[in-house]
Amino acid sequence: MVCNGAIGTIDNCREAAYGYDQRAEVFGSKGMAQAENNTPSRHILSTQGGVSSAKPLYFFLERYMEAYIAEMKAFAEAVTTGADSPVTGEDGRAAVVIGLAAMKSFQEGRTVRIAEIGQEETMIKIANAPCSWESWNSNLPVKLRVFRVLDEMQATGYCGTELGDWGFMPTDCSMLKQEIRRRTWICWGRSCQWIFLTRQPTCPA
Numbered sequence: 000m001v002c003n004g005a006i007g008t009i010d011n012c013r014e015a016a017y018g019y020d021q022r023a024e025v026f027g028s029k030g031m032a033q034a035e036n037n038t039p040s041r042h043i044l045s046t047q048g049g050v051s052s053a054k055p056l057y058f059f060l061e062r063y064m065e066a067y068i069a070e071m072k073a074f075a076e077a078v079t080t081g082a083d084s085p086v087t088g089e090d091g092r093a094a095v096v097i098g099l100a101a102m103k104s105f106q107e108g109r110t111v112r113i114a115e116i117g118q119e120e121t122m123i124k125i126a127n128a129p130c131s132w133e134s135w136n137s138n139l140p141v142k143l144r145v146f147r148v149l150d151e152m153q154a155t156g157y158c159g160t161e162l163g164d165w166g167f168m169p170t171d172c173s174m175l176k177q178e179i180r181r182r183t184w185i186c187w188g189r190s191c192q193w194i195f196l197t198r199q200p201t202c203p204a
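Position 148 (the sequence shown) corresponds to 147 in numbering that gives the first Met the number 0; numbering is contiguous.
Just so you know, the hints here were simulated from the structure itself, not pulled from any lab data.
We treat Cβ as the ideally placed atom computed from N, Cα and C, and that holds for glycine.
Below 16 Å or equal to it, Euclidean Cα-Cα: the simulated EDC-like pairs (lysine to aspartate or glutamate) are:
| # | residue 1 | residue 2 |
| --- | --- | --- |
| 1 | 176 | 161 |
| 2 | 124 | 161 |
| 3 | 54 | 14 |
| 4 | 54 | 20 |
| 5 | 124 | 151 |
| 6 | 54 | 35 |
| 7 | 103 | 115 |
| 8 | 124 | 150 |
| 9 | 72 | 83 |
Here are the simulated distance ranges between beta carbons:
| # | residue 1 | residue 2 | range |
| --- | --- | --- | --- |
| 10 | 57 | 10 | 15 to 25 Å |
| 11 | 111 | 34 | 21 to 31 Å |
| 12 | 170 | 127 | 19 to 29 Å |
| 13 | 70 | 32 | 15 to 25 Å |
| 14 | 20 | 177 | 35 to 45 Å |
| 15 | 25 | 173 | 46 to 56 Å |
| 16 | 47 | 72 | 45 to 55 Å |
Assemble the whole structure, with the sequences as input and the hints as a guide.
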């Protein structure tokens, strides 16, 4: 609930078998605004057996392709011309603050106001998956790509990372431990549990 009495509800699920389902609705006493899913086509088939339509686009890359292109163009323009970026660090921080406040509310069983989340709490210490660093598109050998990405993460100030796609990080136990210890990192992403379950490696790292 926000300060004016409005109530917001968010429903999340890790996976939707029928496609990338992301919808929004705002309902009030004077009307309603909706944002529906994008689909490959807009057809609706109505027969005696029922009504059917195309499923939502499968993945977020398809859903937000135009948005990513616009984002990169805006960034390039800001760098080359000195223009203000339409999205700032404060915009990114605002999303993090909302998430942290929601988690704190869940853990403590009470309403948590945004103002309660301090600057220190919003400092992200875990880097996202290496594939997000465009490492797969590098011309460097895989082994050198791994070490370069990890070095860049450490130089940026992160203390850990998601493991990312299977095979990008060393799958040899001794090598993986060595790389972790060499950078004195103390935490790594728990997404490795999913990898371990699907690939069944024996590495305890």
